[in-house]
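Chemist: Taken in order, these protein sequences are the chains called A and B.
To convert, note that position 226 of the first sequence is 227 in this note's numbering; the numbers rise steadily by one, no gaps.
To convert, note that position 24 of the second sequence is 17 in this note's numbering; the numbers rise steadily by one, no gaps.
These are computed hints drawn from the structure, not numbers from a lab.
Mixed in with the good hints there might be a few duds.
Beyond 12 Å from chain A on every Cβ pair, some chain B residues (computed) [unchecked claim]:
| # | residue |
| --- | --- |
| 1 | MET(-6) |
| 2 | LEU73 |
| 3 | GLY78 |
| 4 | THR94 |
| 5 | ASN95 |
| 6 | PRO125 |
| 7 | LEU135 |
| 8 | GLY184 |
Residues from chain B shown here face chain A by an in silico Cβ test under 10 Å; the list is partial [to be verified]:
| # | residue |
| --- | --- |
| 9 | PRO66 |
| 10 | ALA70 |
| 11 | GLY85 |
Treat the numbers as computed from the prediction; the structure is a model and nothing was measured.
Glycine included, each C-beta is placed from N, C-alpha and C at the ideal position.
Letter by letter, the chains look like this.
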Amino acid sequence: MTAIDTAAAPRRHSRLQTWLAWLGRKTRIHTRFFLMLMALTAGIVIECGRPSSWRRPVQREFWRVLHFALKGSLVPTCFIALVGGIGMVYQALYWLSVLGEEASIGNILVAVLVRELAPVLVGVILLGRAGAVTLTELGQLHAGRQVRALRMQGLDPLLFLVMPRGVAFALASYTLGIIFVLATLLFGFVAGSLLGIADMSIWSFLDNVLRATARSDFVLFPLKMLAIGLMVAATICMTALAAETHDRLGVLMARGFVRGILAVLLTSVLFSLMV
Amino acid sequence: MPQILRLSHVRSATLFGSAGQAQLDFTLLPGELALIDARDPTLAAGFADLCCGLEPIDEGTVRFLDRDWSALPHDLADALRGQIGCVMASAGWLRFLDIATNILVAPLYHTNHDLDRLRGEAAALARRFGLPGIPAGPIDSLSQDDLLRAGFVRAFLGDPKLVILESPVQGLFPDLVPILLNQIAVLRDQGGAAIWLTRSRLVWDNRSFPATHRLRLGYRGFVHVHGSHHPAPAGAHA
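In isolation and in its complexed conformation, chain A is listed as follows (with noise of 0.2 Å):
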């Protein structure tokens, strides 16, 4: 080797750890949301877990949120059960017994309805609901250093402002999604009965959708729904209190509302892959 080649080696080094250092910060720059919502997201199944985490200002705070996801989200929830019903559970027994197969209406409901359209429909309900009235909560505290407030208090954010969003959102997913594809299973039968399309009794509709429920699904469906709305809390949550002082709300709603959309889909996508 010559002393040209030996003195071309560092800077050949130096180049690669440059690039890689580009690499590696333009990569953390973009995963930066992602890894500190996982981490939040982690914070709050391990926080929730623990009694001393639930003291009393914890626990109104849980049962205020619970409250006012449920009861906003719940009109809402029932009116697109009763677009979805019509539209789609009497579309299905009206094509079906057309085809003659009206035995396979279970089928197509569970992979349909139960596995795919509810968690999505009923996340995104929740994230126009309650995660637009928990944006808007949490944005001001933040432009109003209110958080510094609660930390001078001794109070931690995470504990008395994230984790019950979490596990109330989480909770009113699980009864949203069940309301849903109740109501929308209900709607829909209704409607073909009236309409003349349904030749079979209630229970017999109800009976062919349970036994085209595999056993995977009444764990992946509740687990589904509760991931749904922890991630809807979490991005939330995480939006507003990583929001800069000068954040206009309009613009943290318009991100909060993509953020949770993206996050809704997801977790979809990743709990229909586990099937």
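Take the given structure of chain A and dock chain B to it, following the hints.
Modeler: What follows is chain B alone, placed relative to chain A:
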């Protein structure tokens, strides 16, 4: 009895800027009241954060009740902060909670005290600060004056060991100064201490202000002002 607060050789680039060479040395003993002229609100807020162990420091130690903030685990530090009452310049009210919950939230979080007992204590404090009882309703329903009084109730509730007041009367409500001083005297008699950060000339120029320390806080650190060691006002609240 432990020292309430001790700042030893504290340097903080976050507080004073990277160019600043300021070093803070300050001790607050039980029964003392420090009046600090802090005209820069950002610096005053940063100093309050520093006392609560929330401002990062580069050198030195900040000890509260003989415990070094930097050596404490997160949950213990939070529990210790429960013994500090703060009147913040930015008020720091949570708008999604009513005013009574805002006042009671810290003692409910840090203690197992009965809610009725806490309500009783808060109501007694509220009356001392000129309110008819614990204010009810949302934050926006209170006038600025009443909100300020409610802030004092929140700061003094739960027998704090240290009360930090960031421009508490905001130069707008001088009639509140004697009421506040009476409550500080009660705190001092019980072995607590207080730090009063002010921008008001009215408070700073008042030579009868019962401060045991008089300091100026600037970007070069503390400047001690002569005649700062007044005796503690025994029974001043009576």
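Chemist: For each hint, tell me whether it holds in the structure or not.
Modeler: A quick look at each hint next to the structure:
no. : hint    : result
1   : MET(-6) : holds (22 Å)
2   : LEU73   : violated (7 Å)
3   : GLY78   : violated (8 Å)
4   : THR94   : violated (7 Å)
5   : ASN95   : violated (10 Å)
6   : PRO125  : holds (25 Å)
7   : LEU135  : holds (16 Å)
8   : GLY184  : holds (20 Å)
9   : PRO66   : violated (12 Å)
10  : ALA70   : holds (8 Å)
11  : GLY85   : holds (2 Å)
Hint compliance for this structure: hints 2, 3, 4, 5 and 9 are broken, all remaining hints hold.
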